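Same order as they appear, the protein sequences are chains A and B. The opening residue of the first sequence carries number 1 in the UniProt record's numbering; numbering runs sequentially from there. The opening residue of the second sequence carries number 1 in the UniProt record's numbering; numbering runs sequentially from there.
It is worth saying that the hints were derived from the structure and are not from the lab. Misleading hints may appear alongside valid ones.
Far from chain A, some chain B residues (derived; all Cβ distances over 10 Å) [stated by the list, open to error]:
no., residue
1, Y28
2, D53
3, I112
4, A124
5, E135
6, H139
7, I158
8, A196
9, E219
10, N239
11, V275
12, A281
13, E313
14, S320
Label pairs and their calculated CB-CB ranges [said to hold, decoys possible]:
no., chain 1, residue 1, chain 2, residue 2, range
15, A, N229, B, Y28, 44 to 50 Å
16, B, E134, A, E114, 47 to 53 Å
17, B, A146, A, T118, 29 to 35 Å
18, A, A98, B, K104, 57 to 63 Å
This structure is a prediction, so every number in the text was calculated from the model and none was measured. Heads up, the beta-carbon is just placed ideally off N, CA and C, and yes, glycines get one too.
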Amino acid sequence: MEKLKYALFTGCTAKQSTPEQMLSTMAVADKLGIELVELTEASCCGASHLQDYDDFLSLVLNARNIAYAEKHGLTMVTICNTCQLNTAMTKHRLDNNADLKARVNEKLGEVGLEYKGTSLVTHFLYAIIDDFGLDKIKEMVVTPLSQFNIAPFYGCHNIRPSELQNETHKTPENPYNPTSLDDLIIACGGQNVDYEEKNKCCGFHAELQAPHTAAVLTGNAIAGAMDGNADWMVTPCPLCHLKLDTQTAHASTAIGRDVALPVLHMQQMIGLALGCTSEELGLKHHLTKVDFV
Amino acid sequence: MSTNAITTQKVNFNVFRFNSDVDYLPYYEKYEMEVTSEEVVLDILNRIKWDHDGSFSYRRSCRHGICGACAIQVNGRQTLACKESMSDMVELFGNELTIEPQSKKRAVKDMIIDKGDFWEKHDAIKPYLISDVEEHPEHEHLVTPAEAEELNEADLCIQCGACHYACPVVEINDDFFGPAAFAKAYRFEADVRDDAHDERLQELHAEKQGLWDCVKCMECAEVCPKDVDPISKITSLHNMLFKEGVATSNVATRHAVGFKHSIARNGVLDEGGLVLYSEMAGIVKHVPVALKMFSKGKIVPPWGITKSDNLDEIKKLVASSSTAKF
């Protein structure tokens, strides 16, 4: 197979509050032989909040990020569900509205850039599933995770709205019965836990303004995984990770039940199966201790 | 000649049953049926009532996807029964389907729920055109096609409640208006003939009820049978709050605006700085978690943030492209 190569849009969180996600992404890419060209020029995607304040500015900034991927002639790969949504949504809107695209390009022209629409935008989870292949992951597993019940937590912005996300996934995901992360768990040799909250919201985006709502959603998600006898949870979204890993005290108070489970990034789970060390995967950075390694 | 022959397959239905007059708890009844590829979910509800149990209750009316009466849940998915084909449901979920009302806790009898909360919130946003029209106008009040386009299909809402009962915030926060009410509010906020613009926006801005309590989970966009896409209307209303000068300084508005400042300064986000900017003195409640994160190497101090390359480009674009003021 020809070596896979992507333009990596890290998003902000992987460089700040989830450093382990950056570490594990690079470690896993190295193991899989995937080349990632980091888009160091990229800005924040706006995380759906800038969009609330200044929609046009968010379009310009996201188009600029994609324009840099286009300069490399590569598919952009994201490692954050919210970055994925905002970037894919920008691409969808510009590719389907010539007038809007022209207005955005007028701005980008001021800094010598142009958004053409030539680069695809996909999440690392789907790059692995669609391009690399789960069978190949399976072949490369050296430490099967067979002793673990692992609860997948998909994160809203990878699976909804499905019409948008399925433009980028070669294998359509059913938002009511998503399978990609379950399939990845199985490919890594683990037991996937099926539970009602796996495709629900973690509450991250209302954390500051609606803390009780956010805490209940976090608590329900962890409780659902615990009731499914999960040993730990796994997510492709660093924002979900932050909510589920760091907000357990608030979540426990909100739902009146002690909840806590280790929450691994998808890359950390793959890395464990591929034989990466705990240091390479940054497992020491979790607040809810990862004590099974 | 059509090549799409009608096919049948066996489907097992697990159907929610509850009569608030006699039942203390709900229970589920099982029905096995041969389902044809031409049927919609409403046909199954009809067959349960006609062929199995005449007491089975549900709402239905137009059968054309217009009245919104027959909305229920299939395997947890909000569904307009008269619109959703059984073939699609089986393709989505397989041959084991659970039929439930839109909201189990609001069930009155089987699929029939008390939608009182939905209508109260619908009424609360003043869902009608408020305009000081002349009693005997000499001319029609013309709306240009471009102005009509601004409604962005918000007028297609049939008030089925699918988005409302799919919304996780509605389930947690009794005060929250919910996506259907917001989409309806947008329908009038975007109407050039409406004069209650700021007044309605003020109400949508309210804490606990209003726009800022949305968790952005996209459930409303996913379930809407008429493609109203309520979340996009919520975003547009957020934009209007700033554009019309209705937004006041609170944690939510500062959070949105803080992204622009942070991007203008670093390209990337200064996450800690953003929380401080948003919360102001309220930052103290985050200190215990922040200390734990710091001890685990999860917090980068402001001086440690890696800025975007070509930051001058970003600064220039923020300055020239940003139109919002706050």
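Here is what the structure says about each hint:
With a minimum CB-CB distance of about 16 Å to chain A, Y28/B clears the 10 Å threshold, and the non-interface call stands. The claim that D53/B lies off the interface holds: its Cβ sits roughly 27 Å from the closest Cβ of chain A, which is beyond the 10 Å cut-off. I112/B, annotated as away from the interface, keeps every beta carbon of chain A farther than 10 Å; the closest lies near 23 Å. Even its closest Cβ contact with chain A, about 18 Å, leaves A124/B beyond 10 Å, as expected for a residue assigned away from the interface.
The claim that E135/B is not at the interface with chain A holds, since no C-beta of that chain comes within 10 Å of its own (minimum 39 Å). With a least beta-carbon separation of about 31 Å from chain A, H139/B lies farther than 10 Å from that chain, consistent with its non-interface assignment. For I158/B, the condition that its CB be more than 10 Å from all CB atoms of chain A holds, with the nearest at approximately 19 Å. No beta-carbon of chain A is positioned within 10 Å of the beta-carbon of A196/B; the least distance is around 22 Å.
For E219/B, the non-interface assignment is contradicted: its Cβ lies about 7 Å from the closest Cβ of chain A, within the 10 Å cut-off. Against chain A, the non-interface label of N239/B is violated: not every CB pair exceeds 10 Å, the least being about 6 Å. For V275/B, the requirement that its beta carbon stay farther than 10 Å from each beta carbon of chain A is not met, with the minimum near 7 Å. At roughly 13 Å from the closest C-beta of chain A, the C-beta of A281/B stays outside 10 Å, upholding its exclusion from the interface.
The Cβ of E313/B does not lie farther than 10 Å from every Cβ of chain A; its closest approach is about 4 Å, which violates its non-interface assignment. For S320/B, the condition that its CB be more than 10 Å from all CB atoms of chain A is violated, with the nearest at approximately 6 Å. Roughly 24 Å separates the CB atoms of N229/A and Y28/B, a value that falls outside the hinted 44 to 50 Å. A C-beta distance of roughly 51 Å is found between E134/B and E114/A, which places it inside the suggested range of 47 to 53 Å.
Evaluation of the 29 to 35 Å hint for A146/B and T118/A yields a pass: the beta carbon distance comes to about 31 Å. The beta-carbon spacing between A98/A and K104/B, approximately 47 Å, falls outside the hinted interval of 57 to 63 Å.
Comparing the model with each numbered hint stated earlier shows that hints 9, 10, 11, 13, 14, 15, 18 do not hold.
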